[in-house]
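Protein chains in written order, with this note's numbering: chain A, 4 to 195; chain B, 6 to 219.
To be clear, the hints were calculated from the coordinates, so they are not data collected in a lab.
Treat the hints with care, as some may be off.
[To be verified] Taking CB as the label site, the calculated pair distances span:
hint, chain 1, residue 1, chain 2, residue 2, range
1, B, Asp69, A, Ala185, 36 to 44 Å
2, A, Ala132, B, Gln154, 27 to 35 Å
3, A, Phe125, B, Ser206, 40 to 48 Å
4, B, Asn148, A, Ser12, 22 to 30 Å
5, A, Ala121, B, Asp25, 40 to 48 Å
6, B, Arg39, A, Arg96, 27 to 35 Å
7, B, Arg39, A, Glu7, 38 to 46 Å
8, B, Arg191, A, Phe125, 51 to 59 Å
9, A, Ser51, B, Glu60, 27 to 35 Å
Here a beta-carbon is modelled for each residue, glycine too, at the ideal position from N, C-alpha and C.
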Amino acid sequence: MPRELAHLSDEAVIALVARSDDLALAELYDRYGRAAYGLALRVVRDASLAEDVVQDAFLGIWRGASRFLPEKAKAAAWIMTLVHRRAVDVVRREQHRRTEPLDEGHSGGADTSAEDVAWLRFERDRVQAALRQLPDQQREAIELAYYGGFSQSELADRLGMPLGTIKSRMFAGLAQLRELLALDTTEGAWTS
Amino acid sequence: MDELMHDLVAPYALDALDADDLREFEEHLSHCERCREELATLREPVTALAFGAPEAVPPADLRDRLLEQARSERPNVVPLRRRFAVAPALAAVATCAAVALGVWVAVGAGGGSGPLRSSSLAGAAGSVITADDGGNGVLVLSNLRRAPQGKTYEAWVIEGSTARPAALFQAGPGTVTVRLSERVPRGARVGVTVERAGGASSPTSAPLALSAPL
Numbered sequence: 004m005p006r007e008l009a010h011l012s013d014e015a016v017i018a019l020v021a022r023s024d025d026l027a028l029a030e031l032y033d034r035y036g037r038a039a040y041g042l043a044l045r046v047v048r049d050a051s052l053a054e055d056v057v058q059d060a061f062l063g064i065w066r067g068a069s070r071f072l073p074e075k076a077k078a079a080a081w082i083m084t085l086v087h088r089r090a091v092d093v094v095r096r097e098q099h100r101r102t103e104p105l106d107e108g109h110s111g112g113a114d115t116s117a118e119d120v121a122w123l124r125f126e127r128d129r130v131q132a133a134l135r136q137l138p139d140q141q142r143e144a145i146e147l148a149y150y151g152g153f154s155q156s157e158l159a160d161r162l163g164m165p166l167g168t169i170k171s172r173m174f175a176g177l178a179q180l181r182e183l184l185a186l187d188t189t190e191g192a193w194t195s
Numbered sequence: 006m007d008e009l010m011h012d013l014v015a016p017y018a019l020d021a022l023d024a025d026d027l028r029e030f031e032e033h034l035s036h037c038e039r040c041r042e043e044l045a046t047l048r049e050p051v052t053a054l055a056f057g058a059p060e061a062v063p064p065a066d067l068r069d070r071l072l073e074q075a076r077s078e079r080p081n082v083v084p085l086r087r088r089f090a091v092a093p094a095l096a097a098v099a100t101c102a103a104v105a106l107g108v109w110v111a112v113g114a115g116g117g118s119g120p121l122r123s124s125s126l127a128g129a130a131g132s133v134i135t136a137d138d139g140g141n142g143v144l145v146l147s148n149l150r151r152a153p154q155g156k157t158y159e160a161w162v163i164e165g166s167t168a169r170p171a172a173l174f175q176a177g178p179g180t181v182t183v184r185l186s187e188r189v190p191r192g193a194r195v196g197v198t199v200e201r202a203g204g205a206s207s208p209t210s211a212p213l214a215l216s217a218p219l
């Protein structure tokens with residue numbers, strides 16, 4: 004299927020979504036749906052819940068695109084924040100805990116371009132490599148919170164640590180992750 | 006108190022606050038510049054985490070279901086009835102009575118009672134207004150710079166990957182109303198490019214202004 008909006012920036016596509024242009028919503032989904040689903044599935048660990056999360060998040064974009072302020076956040080950050088918050092809401096509500104095996108999802112069937120898929124793989128490897136360089140305790144706090152959907156107080160209970168320690172590990176871990184990702188100068192193909 | 010709140014920036018960035026803390030922190034954030042700045046520095050690593058999740062392919066029908074649901078709740082496809090619609094549709098672009106009259110005539114007011122379809126343009130101040138049972142429709146543009154020497158603006162009716170030439174026009178200060186020489190089928194868009202004087206038979210560049218599907 005030709006993507007006639009493929010030349011537009013994310014911000015321009017969101018501006019069209021704000022005007023209820025469904026082709027623009029389709030374009031946004033083709034750009035971010037795969038990453039959104041990967042994140043949702045990682046957090047909720049259930050294919051059908053992950054689909055609900057992605058659908059709810061994109062409908063949130065559809066309804067709320069006019070509230071997106073490009074000067075405040077990048078489009079990718081905004082979209083993935085919506086997806087993640089929705090996923091965390093679902094996992095806390097469902098008490099669907101992460102001890103269950105990861106459902107691998109489905110094969111085939113998306114309009115994501117080969118370049119986008121290649122970029123997603125590249126970016127995932129880059130982030131995973133940076134995460135592996137974090138001290139174990141910081142990495143654990145970040146992964147359990149972000150991918151596990153645990154709240155800080157749940158984490159303190161689970162790890163038997165004071166809440167203050169958990170907060171410090173999260174902050175130190177994110178700050179170091181930022182440094183590690185900034186050191187990695189190979190990024191850049193995404194915006195073209 | 007503020008120090009305690011400040012410690013919540015990282016858990017907030019990770020969506021790891023419990024509901025009560027979340028409400029309290031968002032209230033704090035609305036008046037704490039320091040926390041907002043710190044949060045901004047954490048946005049990049051958190052977004053990176055989002056893209057660091059294992060690869061998974063969503064089922065193909067998720068896209069269709071999402072789009073179907075979105076279309077079913079689209080707020081602005083409620084057909085505008087002609088009698089009430091011309092004024093609000095135009096209010097967005099111009100309040101000039103002469104323009105309103107031009108549009109009224111051009112879309113074939115007087116006969117017919119079919120719905121008007123309209124869309125504002127992305128990329129330039131203006132709108133497209135058309136009707137199923139009237140004329141072809143018009144493009145209304147405000148304060149578009151004059152086309153460069155030796156160039157002209159060209160309007161296109163775009164359906165899928167096909168663009169049909171629909172008007173050549175100049176622009177300038179104020180509002181111009183351009184009658185389209187082509188019908189605008191449902192779902193088509195109207196776009197504008199700059200072309201060599203005399204026009205082109207297909208667009209030579211991406212549109213500088215583009216409507217939503219009408």
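Cross-check of the supplied hints:
no., hint, in the structure
1, B:Asp69 / A:Ala185: 36 to 44 Å, "holds (39 Å)"
2, A:Ala132 / B:Gln154: 27 to 35 Å, "violated (54 Å)"
3, A:Phe125 / B:Ser206: 40 to 48 Å, "holds (41 Å)"
4, B:Asn148 / A:Ser12: 22 to 30 Å, "holds (23 Å)"
5, A:Ala121 / B:Asp25: 40 to 48 Å, "holds (43 Å)"
6, B:Arg39 / A:Arg96: 27 to 35 Å, "holds (33 Å)"
7, B:Arg39 / A:Glu7: 38 to 46 Å, "holds (44 Å)"
8, B:Arg191 / A:Phe125: 51 to 59 Å, "violated (41 Å)"
9, A:Ser51 / B:Glu60: 27 to 35 Å, "violated (19 Å)"
Of the numbered hints stated above, those contradicted by the structure are hints 2, 8 and 9, listed in ascending order.
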